[in-house]
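**Q** Got chain A; can you put chain F with the ligands on it based on the hints?
In order, the protein sequence lines correspond to chains A and F.
Residue numbers for the first sequence follow the working numbering, so the first one is 5 and each next one is one higher.
Residue numbers for the second sequence follow the working numbering, so the first one is 6 and each next one is one higher.
In short, the hints are calculated from the structure, not lab data.
Treat the hints with caution; some may be incorrect.
As the list claims (entries may be wrong) - A short, non-exhaustive set of chain F residues, derived as facing chain A with CB atoms under 10 Å:
#1 Glu90
#2 Trp96
#3 Gly106
#4 Leu109
#5 Val154
Here the structure is a predicted model, which means the values were calculated and not measured.
The beta carbon of each residue, even a glycine, is placed where N, CA and C say it ideally should be.
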Amino acid sequence: MARVAQLQGRQERNFTGLNTKPKGILTFVSAVIVFLAKILGVILLWQGFTLIVHSIFIPTPIQVWTTFWRLTLKGDVQGYTLPFEAWTSLMRVLRGFALAIIVGIPVGILFGLSNRTYQWTKFLVEPIRFIPPLAWVPLVIIFLHGESRYTFIIWIGAVFPIIYTTMSGVKVLDNNLWEVGRVLGASKWQLVTKIAIPAALPHMFSGARLGLGIGWACIVAAEMVGGGNGGLGSLILNYGQLLQIDAVVASMIVIGMLGYALNEIFVIAEKKLFPWQKDVKF
Amino acid sequence: MAEILIHNLSKTYRASNGGLVNALEGIDLEVKDGEFVCLVGKSGCGKTTLLRIIAGLEQPSAGEVLIDKKLVGSPDPLVGVVFQEDRLFPWRTVRRNVELGLELRKIARNSRKKATETYLRLVGLEGFADALPHELSGGMKQRAAIARVLANEPGVILMDEPFGALDAQTRNQMQEELLEIWSKHFRTVLFVTHSVDEAVMLADRILVITPHPGHIQCEYRLTMPRPRERLSPELIEFRQNILADLNTDVHST
Ligand SMILES: Nc1ncnc2c1ncn2[C@@H]1O[C@H](COP(=O)(O)OP(=O)(O)OP(=O)(O)O)[C@@H](O)[C@H]1O
Ligand SMILES: [Mg+2]
Numbered sequence: 005m006a007r008v009a010q011l012q013g014r015q016e017r018n019f020t021g022l023n024t025k026p027k028g029i030l031t032f033v034s035a036v037i038v039f040l041a042k043i044l045g046v047i048l049l050w051q052g053f054t055l056i057v058h059s060i061f062i063p064t065p066i067q068v069w070t071t072f073w074r075l076t077l078k079g080d081v082q083g084y085t086l087p088f089e090a091w092t093s094l095m096r097v098l099r100g101f102a103l104a105i106i107v108g109i110p111v112g113i114l115f116g117l118s119n120r121t122y123q124w125t126k127f128l129v130e131p132i133r134f135i136p137p138l139a140w141v142p143l144v145i146i147f148l149h150g151e152s153r154y155t156f157i158i159w160i161g162a163v164f165p166i167i168y169t170t171m172s173g174v175k176v177l178d179n180n181l182w183e184v185g186r187v188l189g190a191s192k193w194q195l196v197t198k199i200a201i202p203a204a205l206p207h208m209f210s211g212a213r214l215g216l217g218i219g220w221a222c223i224v225a226a227e228m229v230g231g232g233n234g235g236l237g238s239l240i241l242n243y244g245q246l247l248q249i250d251a252v253v254a255s256m257i258v259i260g261m262l263g264y265a266l267n268e269i270f271v272i273a274e275k276k277l278f279p280w281q282k283d284v285k286f
Numbered sequence: 006m007a008e009i010l011i012h013n014l015s016k017t018y019r020a021s022n023g024g025l026v027n028a029l030e031g032i033d034l035e036v037k038d039g040e041f042v043c044l045v046g047k048s049g050c051g052k053t054t055l056l057r058i059i060a061g062l063e064q065p066s067a068g069e070v071l072i073d074k075k076l077v078g079s080p081d082p083l084v085g086v087v088f089q090e091d092r093l094f095p096w097r098t099v100r101r102n103v104e105l106g107l108e109l110r111k112i113a114r115n116s117r118k119k120a121t122e123t124y125l126r127l128v129g130l131e132g133f134a135d136a137l138p139h140e141l142s143g144g145m146k147q148r149a150a151i152a153r154v155l156a157n158e159p160g161v162i163l164m165d166e167p168f169g170a171l172d173a174q175t176r177n178q179m180q181e182e183l184l185e186i187w188s189k190h191f192r193t194v195l196f197v198t199h200s201v202d203e204a205v206m207l208a209d210r211i212l213v214i215t216p217h218p219g220h221i222q223c224e225y226r227l228t229m230p231r232p233r234e235r236l237s238p239e240l241i242e243f244r245q246n247i248l249a250d251l252n253t254d255v256h257s258t
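If we strip away everything but chain A, and leave its shape as in the complex, we get (with noise of 0.2 Å):
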C-alpha cells in the first residue's frame, strides 16, 4: 500500500512539473506565428508566380479568396453555396463509406482469419483491387441510378485499403497474446472475439482512416457520374467548363481541408481509443 501511493506521488509531481504554465503558453503562442508564417510564405510563392507567369488562367490568391466568400455566401447563378455543396458531398462520401467499412471489416476479419478463403479469392479480388474507381464510371452511368452511383465508386474507392489493413491487422496479432489465450482456456470462438478482433481494432481504425481518405479523393469522380446534382466534384468540372479557374480552386482547396479535417478526427480519435499504439498515423 505505502510503495504504491508513493508511486502514485511521484508520478504526479513529474506530471506537474512538466506543464508548468508561461512554458505552455510560450509555446502555443509561437507555434501560431510559425503556422500563420507558413501559410503567408504559401500565398507569397503562388502570387509571385501568378506575376511571373502572367496568365487569365492563373488566378491570384486575392482572387481565389473573394471568389471563396462570394461563393460561400451567395452561391452561384442558381443560389447554391459552397457550404452546400460541400455537405452534399461529404453525405455521399459517408454513405459509400459507411458502406465500405459495413463489407470491409467482415471481409477483412475474414480474410485474417482463414488464408484459405483470401488465397481462394484473390484471384478475383486482387485485379478489382487495381482498376481504377473512374474506369466504373460508364458501367455506373449503364446500370446504377441516382445517388446509388455516387457510393457505389466512393465504395469502391475506400473498401479495399479497409479490407487490407483489416487483415493484415488481424493476421500480424502477436503468437504470444494467443498463446496466453489458450492457456487461460479460451475456446476457438473466444480467441477470435475475445483477442484477435480487440487486436486488429486500431488497424482497422487506421483502415478506415485510409478508406476515407481515398473515398473523399474520389468525389469528383464520383460526381461526374451524375452531371447536375451538385457536390464540390461537379463544381469544379462545371466551373472548369466555364475556365473560372479562380472558382475550380477554392473548391479543390476546400477539397483538400476537408479532407485534412476528416482524417485529422480519426488520428485524433486513434489516439484517444488506442493510446499504446505508437505506429505512425498519416
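**A** Just chain F with the ligands now, kept in the frame of chain A:
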C-alpha cells in the same frame, strides 16, 4: 493442488536449415503437490521448451507428461503459465487483464469481480486496477501477469524467468512476494531461471539442466526455512556447487 509426472521426455526441433536440434532428451521428473521446484541452466538448454511442453503448448517428440495422472495434450486453464514477457493485453485495463481467465471460463460476474479484487490486492496493484498496461512499470506489469494466472486458481503454476527483465532490487522484492503468495496458497510451482541466486532463495528443489541435448544433470534439495538469508553460509555453498555444475559443462563441451 496437483502433481507433475514426466517420463522419458524428448523434444527434437527441425531447424530451418533442415538439421535437427535435440532440445531435450530423456527427461524424467516428478514434482510433488505443493512443491516449489526451480530449473536452472544456461541459455538455450531447453528450459522454455520443457515448460511449453508441460503447458501443452508444444508436443513432445517422445515420452509423456502427466498432471494429476492425466496426460497433457493441450493447454488446460488449471495449469497456469507466467511467461518471460508480461504478455498483457494492451487494450484491457489491469483489472480486465486479471479477470480474463475467469471471463473465458464464463464465471459469473459477481464472483469474477470478487476474485479479481482479491488477487489485485495480493500483488499490490489495487491502486492501478483501471490503468492500462502501457502505464505500468516492468515490475507492475509482471505482477499483473502473475495476478492473472493466480485468479484462475490453477493447481500448477509454470513460470518462465518471470523476473528476468527486472532490476536486482525489484527482483528481490518480487521473489519475497512470490514466496508469500505461494506459502499462503500452497500451489505446485515450476520456476525457470537463469539466476542461481534466485533459485536458492526460492526452491525446495533445484534441477540443473545442461544443454546438447538438454537433460537434467543433477538436483539439489534445499530444506532451509523461508524467508532465507541471501548471504547465509548454507546458501553460499549451494550457490557455489550449482555454479560449478553449470561450469563443468562448459569445459566438457
Ligand atoms: N521453435 C523452434 N524451432 C527450432 N528450434 C527451437 C525452437 N524452439 C527452441 N529451439 C531450440 O531448442 C533449444 C532450447 O531452446 P529453449 O528456448 O528451450 O532454451 P532456454 O533454455 O529456454 O533458453 P533461454 O534461457 O535463453 O530462454 C535451443 O537450441 C533452440 O535453438
Ligand atoms: Mg527460455
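**Q** A separate judgement is required for each hint: does it hold in the structure or not?
**A** Verification of the supplied hints:
1. Glu90: At 7 Å from the nearest chain A Cβ, Glu90(F) passes the 10 Å test, so the hint holds.
2. Trp96: 5 Å, holds
3. Gly106: Nearest chain A Cβ about 4 Å off; hint holds.
4. Leu109: At about 5 Å, which falls below the 10 Å cut-off, the nearest Cβ of chain A leaves the hint on Leu109(F) intact, so it holds.
5. Val154: Val154(F) check passes; min Cβ-Cβ to chain A is 8 Å, inside 10 Å.
In this structure, every one of the numbered hints holds.
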